[in-house]
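Novice: When you get a sec, could you build the whole thing from the sequences and use the hints?
Residue numbers (the numbering used here), protein chains in the order written: chain A, 719 to 980; chain B, 180 to 518; chain C, 288 to 539.
Think of the hints as simulated: they come from the structure by calculation, not from any bench. You may find that some hints are simply not true.
Some chain A residues flagged as far from chain C (calculated, every beta-carbon gap over 10 Å) [said to hold, decoys possible]:
1. 779
2. 788
3. 791
4. 805
5. 819
6. 825
7. 891
8. 893
9. 929
10. 934
11. 947
12. 956
Computed spacing ranges between beta-carbons, pair by pair [as the list claims (entries may be wrong)]:
13. 209/B - 361/C: 55 to 61 Å
14. 422/C - 778/A: 52 to 58 Å
15. 778/A - 353/C: 54 to 60 Å
16. 205/B - 966/A: 35 to 41 Å
17. 893/A - 209/B: 46 to 52 Å
18. 351/B - 815/A: 26 to 32 Å
19. 815/A - 189/B: 30 to 36 Å
20. 355/C - 924/A: 20 to 26 Å
21. 778/A - 325/C: 53 to 59 Å
22. 734/A - 363/B: 46 to 52 Å
23. 350/C - 209/B: 36 to 42 Å
Sample of chain C residues at the chain B side, in silico, Cβ under 7 Å [claimed, not checked]:
24. 296
25. 298
26. 307
27. 308
28. 343
29. 344
30. 497
Glycine included, every Cβ here is placed at the ideal spot set by N, Cα and C.
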Amino acid sequence: MGAGHHHQLYRPGDTPVHRLPPQCKLLAVVAFAIVVVATPRERFWAFGAYAVLLAGVAVVARVPPGFVIRRMVVELPFLLFVFAIPVIGLGERVEVLGLELSREGLWASWNILAKATLGVVASILLAATTEPRAMILGAQRLRVPQLLVQIAMFMVRYLDVIMDETRRMRVARESRGFRARDLRQAPILAKSAGALFIRSYERGERVHLAMLSRGYTGTMPVISDMSAGVRQWLTAGALPLAAAAVAVLTTLLAHLPGLGLT
Amino acid sequence: MHVPDGFFTASVSVAAGVVAAAGVGVALRNARQELDDRAAPMAGLVAAFIFAVQMLNFPVAAGTSGHLLGGALAAILVGPYTAVLCMAVVLLVQGFFFADGGLTALGVNITLMGIVTAAVAWGVFRLIVRAAPGNRAAVVAGSFVAALVSVPASALTFAALFAVGGTAPIDAGAVAAAMGGVHVLIGIGEGLITAVTVSSVLAVRPDLVYGARGLAKPLVLRTADGEREVAPQPVSQPAPEGRPFRPFLVGAGVVTLLLAGVVSFFASGDPDGLERVAEDKGFLGQAGEHQFGGFALADYGDVGGIPVGVAGVIGVLITLAVGVGVAYLARRRRAKAVA
Amino acid sequence: MTLEVRDLAYAYPDGTQALFGVNLSISRGERVALLGPNGAGKTTLVMHLNGILTAGHGSVRVAGLPVEKGNLQEIRRRVGLVFQDPDDQLFLPTVREDVAFGPANLGIRGAELERRVTEALARVGMLEVIDRPPHHLSFGQRRRVAVATVLAMDPEILVLDEPSSNLDPASRRELAEILRSLDVTILMVTHDLPYALELCERSLILSGGTIAADGPTPDLLGNPTLLAAHRLELPYGFAVPQGVPDQAPHAR
Numbered sequence: 719m720g721a722g723h724h725h726q727l728y729r730p731g732d733t734p735v736h737r738l739p740p741q742c743k744l745l746a747v748v749a750f751a752i753v754v755v756a757t758p759r760e761r762f763w764a765f766g767a768y769a770v771l772l773a774g775v776a777v778v779a780r781v782p783p784g785f786v787i788r789r790m791v792v793e794l795p796f797l798l799f800v801f802a803i804p805v806i807g808l809g810e811r812v813e814v815l816g817l818e819l820s821r822e823g824l825w826a827s828w829n830i831l832a833k834a835t836l837g838v839v840a841s842i843l844l845a846a847t848t849e850p851r852a853m854i855l856g857a858q859r860l861r862v863p864q865l866l867v868q869i870a871m872f873m874v875r876y877l878d879v880i881m882d883e884t885r886r887m888r889v890a891r892e893s894r895g896f897r898a899r900d901l902r903q904a905p906i907l908a909k910s911a912g913a914l915f916i917r918s919y920e921r922g923e924r925v926h927l928a929m930l931s932r933g934y935t936g937t938m939p940v941i942s943d944m945s946a947g948v949r950q951w952l953t954a955g956a957l958p959l960a961a962a963a964v965a966v967l968t969t970l971l972a973h974l975p976g977l978g979l980t
Numbered sequence: 180m181h182v183p184d185g186f187f188t189a190s191v192s193v194a195a196g197v198v199a200a201a202g203v204g205v206a207l208r209n210a211r212q213e214l215d216d217r218a219a220p221m222a223g224l225v226a227a228f229i230f231a232v233q234m235l236n237f238p239v240a241a242g243t244s245g246h247l248l249g250g251a252l253a254a255i256l257v258g259p260y261t262a263v264l265c266m267a268v269v270l271l272v273q274g275f276f277f278a279d280g281g282l283t284a285l286g287v288n289i290t291l292m293g294i295v296t297a298a299v300a301w302g303v304f305r306l307i308v309r310a311a312p313g314n315r316a317a318v319v320a321g322s323f324v325a326a327l328v329s330v331p332a333s334a335l336t337f338a339a340l341f342a343v344g345g346t347a348p349i350d351a352g353a354v355a356a357a358m359g360g361v362h363v364l365i366g367i368g369e370g371l372i373t374a375v376t377v378s379s380v381l382a383v384r385p386d387l388v389y390g391a392r393g394l395a396k397p398l399v400l401r402t403a404d405g406e407r408e409v410a411p412q413p414v415s416q417p418a419p420e421g422r423p424f425r426p427f428l429v430g431a432g433v434v435t436l437l438l439a440g441v442v443s444f445f446a447s448g449d450p451d452g453l454e455r456v457a458e459d460k461g462f463l464g465q466a467g468e469h470q471f472g473g474f475a476l477a478d479y480g481d482v483g484g485i486p487v488g489v490a491g492v493i494g495v496l497i498t499l500a501v502g503v504g505v506a507y508l509a510r511r512r513r514a515k516a517v518a
Numbered sequence: 288m289t290l291e292v293r294d295l296a297y298a299y300p301d302g303t304q305a306l307f308g309v310n311l312s313i314s315r316g317e318r319v320a321l322l323g324p325n326g327a328g329k330t331t332l333v334m335h336l337n338g339i340l341t342a343g344h345g346s347v348r349v350a351g352l353p354v355e356k357g358n359l360q361e362i363r364r365r366v367g368l369v370f371q372d373p374d375d376q377l378f379l380p381t382v383r384e385d386v387a388f389g390p391a392n393l394g395i396r397g398a399e400l401e402r403r404v405t406e407a408l409a410r411v412g413m414l415e416v417i418d419r420p421p422h423h424l425s426f427g428q429r430r431r432v433a434v435a436t437v438l439a440m441d442p443e444i445l446v447l448d449e450p451s452s453n454l455d456p457a458s459r460r461e462l463a464e465i466l467r468s469l470d471v472t473i474l475m476v477t478h479d480l481p482y483a484l485e486l487c488e489r490s491l492i493l494s495g496g497t498i499a500a501d502g503p504t505p506d507l508l509g510n511p512t513l514l515a516a517h518r519l520e521l522p523y524g525f526a527v528p529q530g531v532p533d534q535a536p537h538a539r
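Specialist: Take a look at the structure:
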């Protein structure tokens, strides 16, 4: 949002996915997450198909796998819990690789792992193809209450300012030979952290005052045309619609005897 | 405590979604009384601040760490309704931008970390402050207790939801004991940080602590005939928008300090709650060093009693020292600006 | 009177009083410099001119319209504030969007908005950078774009906070030429006394939260006792020329 920042979350590009209006992408991702979560955990094939769908989106959006995987560390702590469930879970035990594990726990792990991963990857792709500012304008388009939109906008602004100032101060510190090695450096870090906040705060405040001076009343004026046509809605809708089709199909197959697709 | 997709059954997710939507709706209607809508940037700063707070993975016990929630601090600084909005925004941004917390679990997350923390904290805070009105110490003590109570309250609500509709087959009592236990410890850290922050803000800009506004002194006019005093004109807007959040530098200083100091020194070395379970059970040979920056769902599991670790105490002491330092710095800077 | 300030007093919420009864008036078409030492309350005063701060006592009127909550939008259209640091003013991804932000807040859209943007940029000679990101411009260019963001709102009074700070001599001169070419009332807050002398026929000295002196710029700057009393200094070797050539009366 601010000048001169590049977001680690956003990968600039000019692909069909990048070009979609943000409000379409937001709704598509939410719908996709709902379909994924609503799919019964026994439908292994469905989850595989969802993963293929997301991979397809990533290819079209030219988001490299490494980028997605790096961003997936968000899920890591959670993954550890998932691995713990079969161990501390209740109920009937089965032996897997020499470990006594809960059968129900294994199912629960799989369920959470598959759904959470798909949800995380969908969000990563959304953030990688949509600028934060555009995302917030999209939310505004979707009639998200004005107050929430504003708070979000300023939150993103302040995060930016804080990160920017951090970078500048780290450079200043390190160019004078400072390196954080152990606790003895804590006072220096503490002092610069205090100064960091003061600086970020004051910069954010001045930008806000400058905005007020130019007649800002709490709503970002939308200048560019952000309306989405039927075609764009359909393009964005392709992901959740395909996912829904997969869900329906696998459910039908599961109810046909003898196909062996559980 | 960020719940991912697929963790709760659909009925619990939907029910929590309804509760969250209703809560945010009520908050939207009432927030306007707390906050001039031109002061939304202030709420934005609180949200950014809480975002930073939640990134902080701090040690709560020997080998375990968890993250702060921030709801109590928001409620005391900007009022309970605005606090719910701030928390909702933080969780929405985490969900959509950072893939932290499932999109279908937003209702659960907003209910647990936004509505429960803000409501419980505000209730407790009001009770204590009402007992000793106009007393600065009571405000600080109230902040401590409110934050302390709000965190386990949120954890127990999580445990209750889990008992009703968790998808993992784990004994609900064990979840409640583990979540409650770990979060009492997190609550102590949250209480201290909240109290330090609120008291620093009180020292610098009392008008910015919600509910402690309105300190108008007579103004002095200097004319050729000398000085005379005039009563200030009534201003419809309680806080002038010119310098709406200067004191926040104090609170945010505390957090940033924590980020810089505590995180870098401790968080990288300490496994979080989940990992510790895994280690204890001999499940992962080597938990290894990790630094999840924030976003850690550090608070699940870990059944049984947890002794307060040395690391936690050091962390808290550093926090206190930092809070005092930042307040001092801020005051000196301010004195300089005035001079 | 385009701008009229009466008995303006203001204290920050922590009780620190910054203004102690400011009185001043500026007529249409005047170019006035507001001089004063650090901490004199210059920025606080400027924040009152478009209602960012609300007077604790006294009043501010812009072309007869009092600065108060009900007419802030109109006041902010009439009073354009250019902040000291252009990076505070420019926050959108392209120059075009940034210049359009102000008029768009006034509800202007479409061709009229486009016309305002290009016209404002043309007036500061920055039309060729319209599609570039502001942070790719030089400091001097950014300051000119910052002036354009305010000109696009078609203000009656242009208030500039330290317009010459951090500019190299060439940019400083170019900006002076631009300011001289504008047909608006200008109030310029500055420490740069030669710049004040060059551009403004009249100066005010704000000191201790009140107006300490008001008069023709050469007279004020030619009075060393007055300057010293308010911590103002001319640069080394600079003497106020007698009968400044550029002081052609331009009041309309």
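Novice: Now tell me, hint by hint, if it's right for this structure.
Specialist: Status of the hints after comparison with the structure:
The Cβ of residue 779/A sits about 20 Å from the closest Cβ of chain C, beyond the 10 Å cut-off, so the non-interface label holds. Non-interface status of residue 788/A relative to chain C is upheld: no Cβ of that chain comes within 10 Å, the nearest being about 25 Å off. Every CB of chain C is more than 10 Å from the CB of residue 791/A (nearest about 29 Å), matching its label as outside the interface. Under the 10 Å C-beta cut-off, the non-interface status given to residue 805/A relative to chain C holds; the minimum distance is some 50 Å.
Residue placement check: residue 819/A keeps its beta carbon more than 10 Å from all beta carbons of chain C (closest about 52 Å). Distance check on residue 825/A: its Cβ is at least 48 Å (rounded) from any Cβ of chain C, clearing the 10 Å threshold; non-interface status holds. The beta carbon of residue 891/A is kept farther than 10 Å from every beta carbon of chain C, the shortest such distance being approximately 22 Å. Its beta-carbon lying about 21 Å from the closest one in chain C, residue 893/A satisfies the requirement of being farther than 10 Å from that chain.
The Cβ of residue 929/A sits about 7 Å from the closest Cβ of chain C, inside the 10 Å cut-off, so the non-interface label is violated. Interface exclusion of residue 934/A from chain C breaks down, the closest Cβ pair being 6 Å apart, not more than 10 Å. For residue 947/A, the non-interface assignment is confirmed: its Cβ lies about 20 Å from the closest Cβ of chain C, beyond the 10 Å cut-off. The Cβ of residue 956/A lies farther than 10 Å from every Cβ of chain C, with a closest approach of about 29 Å, so its non-interface assignment holds.
The hint said 55 to 61 Å for the Cβ distance between residue 209/B and residue 361/C, and at roughly 31 Å that hint is violated. Roughly 30 Å separates the CB atoms of residue 422/C and residue 778/A, a value that falls outside the hinted 52 to 58 Å. Separation of residue 778/A from residue 353/C is about 58 Å and conforms to the stated range, judged on CB atoms against 54 to 60 Å. A hinted range of 35 to 41 Å for the beta carbons of residue 205/B and residue 966/A is consistent with their spacing of about 38 Å.
Between residue 893/A and residue 209/B, the C-beta spacing of about 49 Å keeps the proposed range 46 to 52 Å intact. Against the hinted window of 26 to 32 Å, the Cβ-Cβ separation of residue 351/B and residue 815/A comes to about 28 Å, which satisfies the hint. Between residue 815/A and residue 189/B the CB atoms are about 32 Å apart, so this pair conforms to the stated range of 30 to 36 Å. One distance hint, 20 to 26 Å for the beta-carbon pair residue 355/C and residue 924/A, holds here, with the actual separation near 24 Å.
For residue 778/A paired with residue 325/C, a C-beta distance near 57 Å keeps the hint of 53 to 59 Å intact. One distance hint, 46 to 52 Å for the beta-carbon pair residue 734/A and residue 363/B, holds here, with the actual separation near 51 Å. Checking the proposed 36 to 42 Å range against residue 350/C and residue 209/B shows it holds: the Cβ atoms sit about 39 Å from each other. Taking 7 Å as the C-beta cut-off, the interface hint given for residue 296/C holds, the closest approach to chain B being about 4 Å.
Checking residue 298/C against chain B by beta carbon gives a least distance of about 6 Å; that is within 7 Å, so the hint holds. Evaluation of the residue 307/C hint against chain B yields a held restraint, the C-beta minimum of about 4 Å falling below 7 Å. Of the supplied interface hints, the one on residue 308/C holds, with its beta-carbon coming within about 4 Å of a beta-carbon of chain B, less than 7 Å. For residue 343/C, the interface hint holds, since its Cβ comes within 7 Å of a Cβ in chain B; the closest pair sits about 5 Å apart.
Residue-level restraint check for residue 344/C holds (minimum Cβ-Cβ distance to chain B is 5 Å; threshold 7 Å). A distance limit of 7 Å between C-beta atoms decides the matter here; for residue 497/C the minimum to chain B is near 5 Å, and the interface restraint holds.
The earlier numbered hints that this structure contradicts are 9, 10, 13, 14.
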